Each structure stands twice: as C-alpha cells, then as structure tokens.
Amino acid sequence: MSQGDVILDIRNVTKRFPGVTALDNVSFQVRRGEVHGLCGENGAGKSTLMKILSGVYPYGSYEGTIIYDGSELKLVERPIQRARELGIAIVYQELMLVPNMTVGENIFLGKEPVERGAIQWDRLYSEAGELLAKYGLNVSPRAPVRTLGVGKMQMVEIAKALSENAKVLILDEPTSALTEAEVDRLMEIIANLKRHNVTCIYITHKLEEFFRIADTITVLRDGKVVASQPVGHYTLEKLVGYMVGREMKERFPKRHRHIGDVVLSVEGLEALDPNNPTRRVLRGVSFDVRRGEILGIAGLMGSGRSELVNTLFGEFGRITRGTIRIEGQEVCIRSARDAMRYGLSLVPEDRKLQGLVLIQSILKNISLPNLDQFAGFMRIDEDAEVVAASKQAKSLAIKTPSLQARADSLSGGNQQKVVIAKWLLSNPKVLIMDDPTRGIDVGAKYEIYKLMDELASRGVAIILISSELEEVLGMSDRVMVMHQGRSMGTLDISEATQERVMAMATGLDEIKIV
Amino acid sequence: MDILKTSETQTVNARSALMEDILTRLKSNFQTYAILFALGALWILFTILTNGAYMGPQNISNLFRQMTVTSFLAIGMVFVIVTGNIDLSVGRLAGFVSVVVAYFQANVWFRQIPDQPLLSAVLSVLIGLGVGLLWGVLQGYIIAFLGVPSFIVTLGSMFILSGAILLVTQGKTIPANQPIFSDIAQGYLPQTLGWAIGFIVLVALLLRSLNKIRRKRKYGLQPPNIGVELAGVIITSALVFGYIYWVNEYRGIQTPVFLLALTALVMSHLANNTRFGRYAYAIGGNREAARLSGVNIQRSIFLVFALMGLLCGIAGVVLASYVGYGTIAAGQGYELDAIASAILGGTSTLGGVGTISGALIGALIMSSLTTGLQMLNVAPAWQYVVKGAVLVLAVYADVYFKRSRQ
Ligand SMILES: Nc1ncnc2c1ncn2[C@@H]1O[C@H](COP(=O)(O)OP(=O)(O)OP(=O)(O)O)[C@@H](O)[C@H]1O
Ligand SMILES: [Mg+2]
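Protein chains in written order, with this note's numbering: chain L, 10 to 523; chain W, 3 to 408.
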C-alpha cells in the first residue's frame, strides 16, 4: 500500500458504439493516491472510459484489459455493485440524488443499515454524520436534499461515493455547476481525500483546475490518448493544443458588433416564487438590451439570475410590479409560447431537465420549438426539417453519426450543442442564454462564442448568464450585476473588472440610478 | 450532408449500402417486427391445433371484425399513454354511446322518422360521435385545465358512465338493429369494390414513394434506396391483396375493418406528420422541455382527450351495430383490452413512445387469442389467464431484448 504504485493500468481499451468508436486503443496508468486529471473535447470518450471503470459498460462489452490494484478488472455479474465493492466510486456528470429524501437516506440508499428487517435510522444518521465530518463536508445528514444548493448536493454525491471505503474516486465534471466559492471548497475536499490516500480521477473542462490539483494529466482526443504526463509537463496553452489538435491563440473572438436600438427593456421588475408565494425572488430589476449587443448578467448563485430570465420567458415568477417592453411596446408574457411570439428564445440552464427530450432523436429535439416553420396544411414538411436541422448541427459541429440518433446517446457537451441549435433555428430577436457553455470543451466554447458574436453582428440581442465570470467579462458589451434579486447596476465592459463586479455581486457596491 | 450518413467512404458498394438501409429500417422498427413475428407464430400454432380451420376465410373474417371495437379505443389510447396519461373510462364511454344510440333507434326514430333507415342511421352515427366527443371534451377540460390527474378523472367518469348506462337502459336490453345501421359493423363491401380498394392502395403507395424520392431530391437529401422502397411497396400491397383475396373468399371486406383502416391512417398521419402528434410525443418524453419549447401543454392534452372521446364515439356506434342492441354490460372491461393492446404494441407506460400500427397489431393479437382459444373450447376463465400471461410475457420479452441489445 505504498503511495505511488500503479493502482489502475488501462491497456489497449477500445469501446465501440454503433457508428462511433468512443475509445480507440486507450492505454495509460494511474498511480495510487494521486489526482489524475482527464481532459479532452466533448465526445472524446472521457465519460465512456469512466463508465467502463464503474461497471456501466461491463467486461466483455469493450476490448482490452484493465489491471486494478494488482489483478485484472472483470466486472461481469452485477457489475455496478461489484465495482463499488472493489472500491471504485463515481460521481456522475449529472447529479443523481433523490430530492425528496434526506442527505443521510441518499448516502445509504441501497445499503441501509438493517436489523431484523427494520432500518436503523439512528445508526444511519450518525454514520452519515461521521462520514460527512471525516471528509470535512459541511452538510447536515437530516436535511432534505431538495433544500440544498447544487454545491452541497455535489458534496452529498461525494459522501455517497465514499461511503464504501472507495480507493478510487471518479469525479466527472463535478464543478460545471458550481460557483467559485464552491469550487474552492471542492478543491479542499479533494486535497483532504489525497491525505486519506484516495486516488482521484478528475474530469473537467475548466482547465485551470487541473493546475490547481492534478498530479498527472491524460489527454484524450477522438478516443485516443494523445498525452499522459505529470502536470509539470504542461502549460495551459500546451494542454489546449493537445486537446484540440491545433493551437488556440485567444479564448474569446474579436468583436464585430454594431449596437443599435433598445429591443428589450425591463423596469422595476418584481416577482414572487410561484411555488412559494411568500418568497420574493425578484426585488426590483431594471435593465435594457440593444440590438446587436451582448448583455452579461453576473451574480452569485441564488442572486436571481436564472429566476429573472425564466420570469422574462413567462415560465417562472409571478410578476407583481414592473414593466417589460419589447421594441418600445409593453408586453405581457404568460408562457414560453408568448415569449417566442415576441421573439425571445431561452437556452435553459439544465439541458437534461429543461432542454432536451432525451428519448427523442437529435432531429426532433432541434425542430421541436420550430415546427411552425415547417408546418404546412395538416402536415410537417419533414425534408425541410431535416435540411434546416442538419445545417444547424453542422455549424455547431455536433458530433454524431446521424441526426436520427437519440439525444441521450450524445456526450454531455454535444447535448448542450443540440439545445443551442434548437434555439438558434428559431431566429430570435433576443436570445437568452443561461450558462450556455456549461460542460463544453474549450474548442467548442470558442465556436459558440464566435457564433454569439456573429448573431450579435446580425442584430440579435443576447443576454448571457454564466457561472464563469471570465466568460461574462470576455463576451459582454455591458454587464448587469445582480444581488439578492435586485439589479445593482450595469457596467460598461471598459469599467467592469472582476473586483468591481464581485463587489457589486456581494452587495458592497451599487450604482445608484440618477 | 455527411452528418446524415454513417459510411466513411462514398465508394461503398451498392450491396452493403442496401443491407445497411434494410438493417436500419429493421432496427428502428424492431419492436413492430418482433410483435408481427409473435402474431405469425400464434396463427401458425392455432392453425395446427385446429387442423387448419383457424385460417379459414370465415374465421379470419370474423377475427378481424371482432377486433375493431377495441382497436378504435386502442388507437386513441396510444395518444393518451404517450402523453403520460391514462384513460380508464373508454370502455364505459363506448358502452354509454352504444346504449344512447340504441335508445334513439328503439324509441325515437321509429316514432319521429319512420321508414327512413338511411336518415336514421346517419343521425344515430352523428349522435354517437357527438356524445363521445362531448364527454371527451369535458374530461379533457377537467384534466388539462383544472389539473386533476387523468387517472382520477377517468376512474370517476367510469363510475358515472356505469350509472348513466343503467339510467338509459333501465336495466333492460334495447334493440338497435335497423337495416342500414346494422351494416356499419355487420356489412361487407362488394367484392369488386374490395379489389378496387386494393388497387387504390397500390397506386397510393407507389405515388407516396415517388413523392418521397422527388422531395428528397428537391432538398438535396440522400434519397432512399429505390430497391428497398419498391420492396416495401410490394410487401405491403401483397399483404393487402392477400387479405382482400382471403376475405373475398368469404363475403368481402368487412365494413368495420374498412372504417378502422381509414381511421388508423388518419391517426397515424396525426401522430407522425403533424404538430399535434409531435407535441404529444414531446410532452410524454419531457414535459418541462416541451413547455420551454413553447408547446401549449394544456391545449395538447385537452385535444388528446377530446380525440379519445371521439374515438369512443366511433367505437360505441360500431359496438351498437355489431351486437345489435344496447345492454347494461356494454363496453365493460374494454378499457383493459385497449390498454393491453396499446402496450403489447410497444407503447411505453412511461410516456413518449408508441405507435398506432403497433396498437393495431396488439389488438389483433388479443383478438386472435380470443378466437383461437374459443375454437379450442378453452373455458373463459382460462382465456383470461392466458391473455394476462401473454401481456406480461410480451413486455418482459421486450425488456429482455432491449437489455441484451445494449
Ligand atoms: N450510449 C451511447 N450510444 C451511442 N454512442 C454513444 C453512447 N454513449 C456515448 N456515445 C458516443 O461516444 C463518444 C464519447 O462520449 P463520452 O460521453 O465518453 O464523451 P465525453 O468525453 O465524456 O464528452 P463530454 O465532455 O461532452 O462529456 C461520443 O461521440 C458519444 O456520442
Ligand atoms: Mg462526459
């Protein structure tokens, strides 16, 4: 059990899906107790490899050998449970908790302590509490999961994964939905795990994170290993180069924008949470956005950014005060359908829950909000539909063998592209994007940025929300900052520094409207 | 359009492209073929056990006619289940429609418009469809706009309709056997008309294929393989002609089967090629995503239940004509047959998945079982047991194959 020996030796692993080779002769080694970063573009095969390790794709459904802790890993019967028993734990890209159960219940789901057929609740909660404390996770075991923020849910997932004495912990894009503070917290937790000699395989598209915690980084491209080296071997540029196979000079594209008239203006908007009408989610928001402009909305998690855009889209808050004007005309938006009629489109925050019909084809997903474009008398022109959808799919470089493939066969990032594609096809006047690059690789991010710039240059007004402040600052012409459901003011990009925005977002600074 | 094609090289030889085309077709309709296969196996089994009597023209003719009432219900049930709902009232609603129609036949027409069989038949049909549609609209309104779960609303409605049937019939049997009306479910199309329909189907299929190819060309899309397309047309029309030939050996195409085929065509079109259908599938697949995509969920669900009501109206009229009277037991338990047919045909209880053609084959399997077991003199008690077991087995087989294909 010395630190530094090889715990996981992956040898010539190949995994094929109909039409795609997700992993192509992959070999690399993971050392005990290290944090092993795994990176690559969307669809490079990262999640697929992790699903092999965790038994989702059992032994025999792939080629090659995996040596784990000195012997060959053969997950055949009840492979997922077997992997867990052997000490391989995984936190998936998407959160998988039961919202109506408590933290403790979730952690012990499927392995509740029982005595004569009855669950020992006290034991369950005390063990859950110990576990949470051991790794420094600051969550109450009796709190219902639905009351937690995404960050805490992530911690519960980790605790759940660790509850069986994991030797290897796999984290698949754990930070894509976390705020900066929560990311810091997660980094501490991982450092703590390392002290407990837990090996960590860490996947993320936020490459800076590798340089904070990884010991080794392996880069996958198109299912092949292109580099597997100690972290000191890489620089950020070099890493990006390995990932995308070419050099990337800048992170954000040049701007080609001509800002025009005001399209959407919001004044003094106040709204209640429709599920809990005593909670005020918006407490005075005013801003406007112009043709050809990108307006960034910054704020901490819970500041009401997503609530704001969902309310604008007619799908969330009960508006109690304030006005919304589109091209000068006051409008009343009661549903997504109304919003779309006024030329609004929304790329929602959560692609699986809100963005996609996972069991349907990519084609049907892209065309769903746009069927009016293809509907003739009593029938849909399916060929026109295919042409339009494949044009979008192509311009966003969605990686798939066919538009007929189901949305759930795509990698996370490519699913996000489908969501963007469907809204681009609707030709909006105002495109609202709620965290549009979540889980998207650097190369594709750049493509999406370019696309945003191009749309703006064609006169579309874009509202951008992002959990990454850098993205907001890099893309926006102006930045509106929110704090506790209020707009704290709007900064021109020339005066928006990280410090200034953070000060406003935490409520320390406010631009008074004169 | 490289994104639409799997093949890496353009120079794949024609044969493997053809194979691939066929394979993708087979795969995308895997469940339909599996269930067709099951149906074939069932028929062969019964034919052997009955020394060939099972496949006789008269028996086949009756078998298809027997399935029509539940088939109308099963078709509508596909939409209902696809949107993630359920309708338990369909059997009793069809039954209610049948007794109302019988009531008018026995008590009203005969006094108000005697000796006008055509007019009274037309009026009966209109009243039947109207009652069904109205009830569907009412249920749809309560479910979609007032937000009461469909399970509850239709369960309640099942009770209410049972009461209504008693009120209308006063516990007695009402005859509904005026000449033209009876033909709706008991009549046959003249043999020459039967053949003419066969030719119309053939021409329509050919035109449709040509149109498909022409339109794909127009948009610069990869046109379907002509051989495969043609094979599809030939197989389909061979089945249609075979069927026509066989039932003509008896007395011709059964009127209710013809009506069912027309209805099924319209409904298939609704499901696949209209916004209404697309929205229904999207709602069942992910309600939230559909809503955010601008789908008017309340309206869609309302329409689905209204349509279900209309189909119950049709089923009720056919039922009254088929049995020739309205009774207190009319339509009892039909909802279960309808649900079973839809599910046998591959409709997912989780919503978002299901086809009209599948439901029809499902209904055919149910009806084939009933007829076959009756011919073998199996006691009714065991007929239920066998049907139930087949349903569970079929779904298990589907689950099993899905798992092993992964
Ligand atoms: N069940 C499946 N059926 C068919 N293809 C699949 C399936 N799962 C994954 N793929 C394909 O395998 C490839 C690798 O996918 P994977 O999810 O491993 O990517 P990833 O590296 O995790 O990407 P991301 O960063 O976007 O999450 C993709 O091209 C994807 O479309
Ligand atoms: Mg992934």
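Be aware that a few hints might be false.
[What the hints assert, rightly or not] DSSO-like mimics (lysine-lysine), calculated; alpha carbons at most 27 Å apart, straight line:
| id | chain 1 | residue 1 | chain 2 | residue 2 |
| --- | --- | --- | --- | --- |
| 1 | L | K403 | W | K174 |
| 2 | L | K400 | W | K389 |
| 3 | W | K174 | L | K400 |
| 4 | W | K220 | L | K400 |
[Claimed, not checked] The following label-pair restraints were derived from C-beta to C-beta distances:
| id | chain 1 | residue 1 | chain 2 | residue 2 | range |
| --- | --- | --- | --- | --- | --- |
| 5 | W | V394 | L | R155 | 32 to 42 Å |
| 6 | L | T30 | W | N64 | 46 to 56 Å |
| 7 | W | F403 | L | R264 | 34 to 44 Å |
| 8 | W | W384 | L | R125 | 53 to 63 Å |
| 9 | L | K403 | W | F403 | 56 to 66 Å |
| 10 | L | T30 | W | Q224 | 16 to 26 Å |
| 11 | W | V397 | L | T30 | 31 to 41 Å |
| 12 | L | R155 | W | Y402 | 30 to 40 Å |
| 13 | L | S80 | W | T276 | 29 to 39 Å |
| 14 | L | T30 | W | F153 | 43 to 53 Å |
| 15 | W | F153 | L | R264 | 47 to 57 Å |
| 16 | W | F201 | L | R87 | 50 to 60 Å |
| 17 | W | R216 | L | G269 | 37 to 47 Å |
Hints are computed from structural coordinates only; laboratory data are not their basis.
In this text, all values refer to a predicted model and were calculated from it rather than measured experimentally.
The beta-carbon is built from N, C-alpha and C at its ideal position, and this holds for glycine as well.
(message) Tell me the hint numbers this structure goes against, listed in increasing order.
(response) Failing hints, ascending: 1, 2, 3, 7, 8, 9 and 13.
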